[in-house]
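Chemist: From just these sequences and the hints, can you work out the full model?
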Amino acid sequence: MSHTLRLTMAQALVKFMTAQKVDIDGEILPLFDGVFAIFGHGNVAGVGEALYQVRDQLPTYRAHNEQSMAHAAIAYAKTHNRRRMMACTASAGPGSTNMVTAAAVAHVNRLPVLFLPGDTFATRQPDPVLQQVEVFSDHTITSNDCFKPVSRFFDRITRPEQLLTSLPQAMRVLTDPVECGPVTLALPQDVQTMAFDYPVHFFDEKVHRLRRQGPDQVELDEAITLIRAAKKPLLIAGGGVHYSGALKELDQLATRYHLPVGETQAGKGALPWDHAQNMGSIGVTGAASSNALSADCDLILAVGTRLGDFATGSRAMYNPDARIITINVGSFDAVKHKALPLVGDARLTLQQLHAGLEGWQPEGSWVEQAARLRAQWLHVQDVATTDRGTSLPTDAEVVGAVNRAAGEQDIVVCAAGGLPGELQKLWRTRYDKGYHMEYGYSCMGYEIAGGLGVKMARPDSEVFVMVGDGSYLMLNSEIATSVMLGRKLVLVVLDNRGYGCIHRLQQFCGGPGFNNMLDDCLTVEGGAPKTDFAAHAIALGAKGEKVGNIQELEAALERARASDITYVVTLDTDALVVTEEGGSWWEVAVPEVSPRSQVQEARARYETHKARQQQNL
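Note that UniProt numbering numbers the sequence shown so that position 105 is 105, with each residue one more than the last.
A portion of the hints provided could be inaccurate.
Straight-line alpha carbon distances no greater than 30 Å define the calculated BS3-like cross-link-like pairs of lysine-lysine that follow [said to hold, decoys possible]: (1) 336 to 148; (2) 610 to 336; (3) 546 to 610; (4) 433 to 248; (5) 232 to 148; (6) 232 to 610; (7) 336 to 206; (8) 148 to 248; (9) 338 to 488; (10) 148 to 231; (11) 530 to 543; (12) 21 to 433; (13) 546 to 530; (14) 148 to 206; (15) 206 to 433; (16) 248 to 21; (17) 232 to 248; (18) 488 to 433; (19) 231 to 15; (20) 336 to 248; (21) 15 to 232; (22) 546 to 488; (23) 546 to 433; (24) 433 to 543; (25) 21 to 488; (26) 338 to 232; (27) 610 to 231; (28) 231 to 338; (29) 248 to 231; (30) 21 to 206; (31) 338 to 610; (32) 530 to 488.
So the derived label-pair ranges between C-beta atoms look like this [as the list claims (entries may be wrong)]: (33) 321 to 594: 47 to 55 Å; (34) 248 to 375: 22 to 30 Å; (35) 53 to 214: 54 to 62 Å; (36) 522 to 598: 17 to 25 Å; (37) 218 to 23: 27 to 35 Å; (38) 57 to 361: 50 to 58 Å; (39) 519 to 27: 50 to 58 Å; (40) 541 to 5: 40 to 48 Å.
Rather than coming from a laboratory, the hints here were simulated on the basis of the structure. All residues carry an ideal CB built from backbone N, CA and C; glycine is no exception.
Modeler: As C-alpha cells, this is what we get:
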C-alpha cells in the first residue's frame with residue numbers, strides 16, 4: 001500500500017482544504033465552505049483544474065469583481081463568528097491585486113480569508129510574462145508582494161513540497177483567536193501544475209476547535225479588586241464578545257451587577273436593544289446615554305474591543321480619571337489606553353469575574369442615572385426615526401422604515417459614509433447577528449458584496465443592504481452574482497447626490513463645499529447625470545423601483561420582502577440632516593494656517609478637544 005499520493009501542487013492544496021473541519025457546538029462542518037474564483041492565465045490551468053475535481057465537496061463561486069468577491073468572503077466569515085470561512089483566487093496581475101483592498105479589510109477587522117493569488121512563473125523562463133510587474137533591482141518581487149503588509153501570514157509557494165510546512169501555518173493563523181486574519185499564499189502558475197509525492201497522512205481530516213485560554217490569576221485578582229472599588233462602572237462590549245460566543249455571560253454579568261453597557265460598532269447586538277442594561281452604542285457615532293456615562297464613570301471594563309478612535313472619541317470622550325480594565329484574548333489590544341490588561345477568552349473571563357464579584361454592586365444613584373439616560377435616548381430614537389413628511393427624507397427616517405420592515409432574525413448590512421453613524425445610533429435589533437457593519441476599515445463598496453456573503457451564511461434571514469449612491473456606484477457588480485446564485489438581497493439606495501458624509505465633515509473643518517457633492521465638482525455644462533439606480537439594478541437581473549417618500553418606501557419594502565430575487569429600492573435623501581443627538585468629537589486634523597475664517601474657527605475648536613485628549617494619553 002502506497003503511503004504517498006502524486007498530485008499537483010494545486011490539487012494537493014484543495015485536497016488539504018477539503019480535509020479541514022470545524023467543531024461548532026458539537027457539529028462537525030467543513031471549515032471552508034467554498035471558493036470565490038475569477039480565473040485567468042495565472043490560475044485557470046492549475047487551481048482551476050484542481051477545483052473542478054472537488055467541486056462537489058468544495059463549491060466554486062464565480063463572481064464579477066475580485067475585490068467584491070473577497071468582501072463577500074469576509075462577510076461570510078464574520079457572520080459565522082470567524083468559525084467558518086472561504087478562499088478567494090484570482091489571476092496573476094490585476095486580478096490578484098484587485099483583492100489587496102479586501103485583504104486590508106480582513107486584516108483590520110481580524111477576519112479569516114484565504115487568498116490564493118496567481119503569480120508569475122517561478123522558473124522565469126517566459127519572463128516577463130503578460131501582466132508581470134518588473135522590479136529592476138529585485139527579481140524575487142512580484143505585484144503579489146502588495147499583500148504582505150495586509151496579511152497575517154504570507155508565503156510564496158515556489159516548490160510543490162513547500163505546502164507541507166506552509167499550509168499548517170496558514171491554518172494556525174486562520175483559526176487562532178489572537179492572530180486571526182487574512183492569509184495569502186501566492187501561487188506561481190507553473191508551480192501550481194508541478195507534481196509531488198505527498199504523504200497520505202497530510203490529507204487526514206483535521207477538526208479545528210476554538211481555543212479558549214482563561215485569564216491569569218494575578219490579573220484576574222487585580223481586576224476584581226479594582227471593580228469592587230468602583231462606584232460608577234461602565235462596560236464596553238466589542239466584537240470579541242461575539243467571536244468568543246460570550247453573549248450569555250455578558251448578559252448574566254450585566255444583569256446581576258447592574259452594569260450599564262455601551263456597544264461598539266462591532267459589538268452591537270451583544271445585548272438585545274431592549275435589555276435594561278443596554279445603553280446604546282458608544283463613541284463618535286454613539287448614543288448620548290452611553291457617552292454621558294463614559295464621561296462620568298470611574299471605571300471602564302472593555303470586553304473584546306481594541307478601543308479604536310471611534311469608540312473612544314479619539315481618546316477625548318471618557319473620564320480621564322477613570323480606570324480601564326481590558327478583557328481581550330490578545331495582549332496587543334489589552335494594554336492600550338493605560339489599561340489594566342486581563343488577557344483571556346471573553347467567555348471564560350466573564351464567568352470568573354461574575355463569580356469573583358459576588359456581593360458587590362455599583363452605587364445606587366449610578367444605576368438610576370443609567371436608567372434615566374437610557375429612557376431619554378430611546379425617546380430620541382423614536383423621534384429621529386419617525387416619518388416627518390419632509391420633501392427629502394433624512395437618513396434617520398429611512399433607517400426607521402427599514403428597521404420596522406426587518407423581522408426578528410433579519411440582518412442589516414452597511415459599511416461607509418454617513419449611514420454607519422445613523423445605524424449605530426438608531427438601529428434596534430434583538431438578534432445578535434442582526435447588525436452587520438464593516439467599520440474597522442470603513443470600505444466603500446463593501447456593502448452589496450458583504451450582503452451577499454451574509455446571505456450565503458444566513459440564507460433564512462432577510463438581508464437588508466443600506467447603501468449610499470457613492471458606494472453603490474463604486475462597486476455594485478455582485479447584484480448580478482446574487483441573482484445568479486439565487487441569494488436574494490433587499491437593497492435600499494439612499495441617493496443624496498454625492499459623498500454627503502465627507503461633505504459635512506469638510507464643512508465642519510471649515511472648508512467650502514468642494515469635490516464631494518456632484519454640484520460642487522467639475523462637470524460638463526448642465527451638471528452630472530442623475531443615476532437611475534432602479535433601472536440599473538433591473539439591467540443586472542434584479543427587480544427595482546424608485547420611491548419618493550417614507551410611506552412609499554414602506555410599501556416598496558413589503559414588495560421587496562415578497563420578491564424571490566434581489567430587489568432594489570432607491571429614493572432621494574437629504575445630504576445635510578443627521579441625528580445631532582449623541583456622538584462625540586472625532587479627531588480630523590484642521591490646518592493651522594488658512595485665509596478662511598471658518599477654518600480658523602474650526603482650528604480653535606480642534607485645539608480645545610486636543611487639550612482634553614492630552615489628559616487621556
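Chemist: Look at each hint and say if it fits the structure.
Modeler: Against the structure, the hints:
1. Proposed proximity of residue 336 and residue 148 is supported: the alpha carbons are some 25 Å apart, at most 30 Å.
2. Restraint check for residue 610 and residue 336: the C-alpha separation of about 19 Å stays at or below 30 Å, so the hint holds.
3. About 44 Å separates the Cα atoms of residue 546 and residue 610, which puts this hinted pair outside 30 Å; it is violated.
4. The straight-line distance between the Cα atoms of residue 433 and residue 248 is roughly 14 Å, inside the 30 Å bound, and the hint therefore holds.
5. For the hint linking residue 232 to residue 148, the alpha-carbon distance of about 44 Å lies beyond 30 Å, and the restraint is violated.
6. Between residue 232 and residue 610, the direct Cα distance comes to roughly 26 Å. Compliance with the 30 Å bound is thereby established for this hinted pair.
7. Between the alpha carbons of residue 336 and residue 206 the distance comes to roughly 35 Å, so the proposed pair goes past 30 Å and is violated.
8. Of the supplied pair hints, the one linking residue 148 and residue 248 is violated, its CA atoms being roughly 38 Å apart against a limit of 30 Å.
9. For the given pair, residue 338 sits about 46 Å from residue 488 by alpha-carbon distance, which is inconsistent with the 30 Å threshold.
10. Note on residue 148 and residue 231: the hinted pairing is violated, with a Cα-Cα distance of about 47 Å set against a maximum of 30 Å.
11. Proximity of residue 530 to residue 543 is assessed by CA-CA distance (about 19 Å); at most 30 Å being required, the pair is judged to hold.
12. Annotation: proposed proximity of residue 21 to residue 433 holds, straight-line Cα distance about 23 Å (limit 30 Å).
13. Using a Cα cut-off of 30 Å, the hinted pair residue 546 and residue 530 holds, with the two alpha carbons roughly 13 Å apart.
14. Proposed proximity of residue 148 and residue 206 is supported: the alpha carbons are some 27 Å apart, at most 30 Å.
15. Note on residue 206 and residue 433: the hinted pairing holds, with a Cα-Cα distance of about 28 Å set against a maximum of 30 Å.
16. Pair hint residue 248 plus residue 21 holds up; C-alpha atoms about 26 Å apart against a cutoff of 30 Å.
17. For the hint linking residue 232 to residue 248, the alpha-carbon distance of about 23 Å falls within 30 Å, and the restraint holds.
18. Only pairs whose Cα atoms come within 30 Å are accepted, and residue 488 paired with residue 433 is accepted, the gap being roughly 18 Å.
19. Restraint check for residue 231 and residue 15: the C-alpha separation of about 57 Å exceeds 30 Å, so the hint is violated.
20. A hinted pair counts as satisfied when its Cα atoms are at most 30 Å apart, and residue 336 with residue 248 qualifies at roughly 26 Å.
21. For the hint pairing residue 15 with residue 232, the CA-to-CA distance comes to about 55 Å; that exceeds 30 Å, so the pair is violated.
22. Of the supplied pair hints, the one linking residue 546 and residue 488 holds, its CA atoms being roughly 19 Å apart against a limit of 30 Å.
23. For the hint linking residue 546 to residue 433, the alpha-carbon distance of about 29 Å falls within 30 Å, and the restraint holds.
24. For the hint linking residue 433 to residue 543, the alpha-carbon distance of about 26 Å falls within 30 Å, and the restraint holds.
25. Of the supplied pair hints, the one linking residue 21 and residue 488 holds, its CA atoms being roughly 28 Å apart against a limit of 30 Å.
26. Distance check on the hinted pair: residue 338 and residue 232 sit about 19 Å apart at the alpha-carbon level, within 30 Å; holds.
27. Pair hint residue 610 plus residue 231 holds up; C-alpha atoms about 28 Å apart against a cutoff of 30 Å.
28. For the suggested pair residue 231 and residue 338, the alpha carbons sit about 20 Å apart, so the restraint of at most 30 Å is met.
29. Between residue 248 and residue 231 the CA atoms are separated by roughly 24 Å; this keeps the pair inside 30 Å, and the hint holds.
30. Of the supplied pair hints, the one linking residue 21 and residue 206 holds, its CA atoms being roughly 6 Å apart against a limit of 30 Å.
31. For the hint linking residue 338 to residue 610, the alpha-carbon distance of about 18 Å falls within 30 Å, and the restraint holds.
32. With a C-alpha separation of about 26 Å, the suggested pairing of residue 530 with residue 488 holds against the 30 Å cut-off.
33. For residue 321 paired with residue 594, a C-beta distance near 35 Å fails the hint of 47 to 55 Å.
34. With their beta carbons about 26 Å apart, residue 248 and residue 375 fall inside the hinted range of 22 to 30 Å.
35. Between residue 53 and residue 214 the C-beta distance comes to about 43 Å, which lies outside the given range of 54 to 62 Å.
36. About 23 Å separates the C-beta atoms of residue 522 and residue 598, a value consistent with the hinted range of 17 to 25 Å.
37. Taken as a hint, the range 27 to 35 Å holds for the pair residue 218 and residue 23, whose Cβ atoms sit roughly 32 Å apart.
38. Evaluation of the 50 to 58 Å hint for residue 57 and residue 361 yields a pass: the beta carbon distance comes to about 54 Å.
39. Separated by about 54 Å at the C-beta atoms, residue 519 and residue 27 satisfy the suggested range of 50 to 58 Å.
40. Checked against the hint of 40 to 48 Å, the C-beta distance between residue 541 and residue 5 comes to roughly 42 Å, which is consistent with it.
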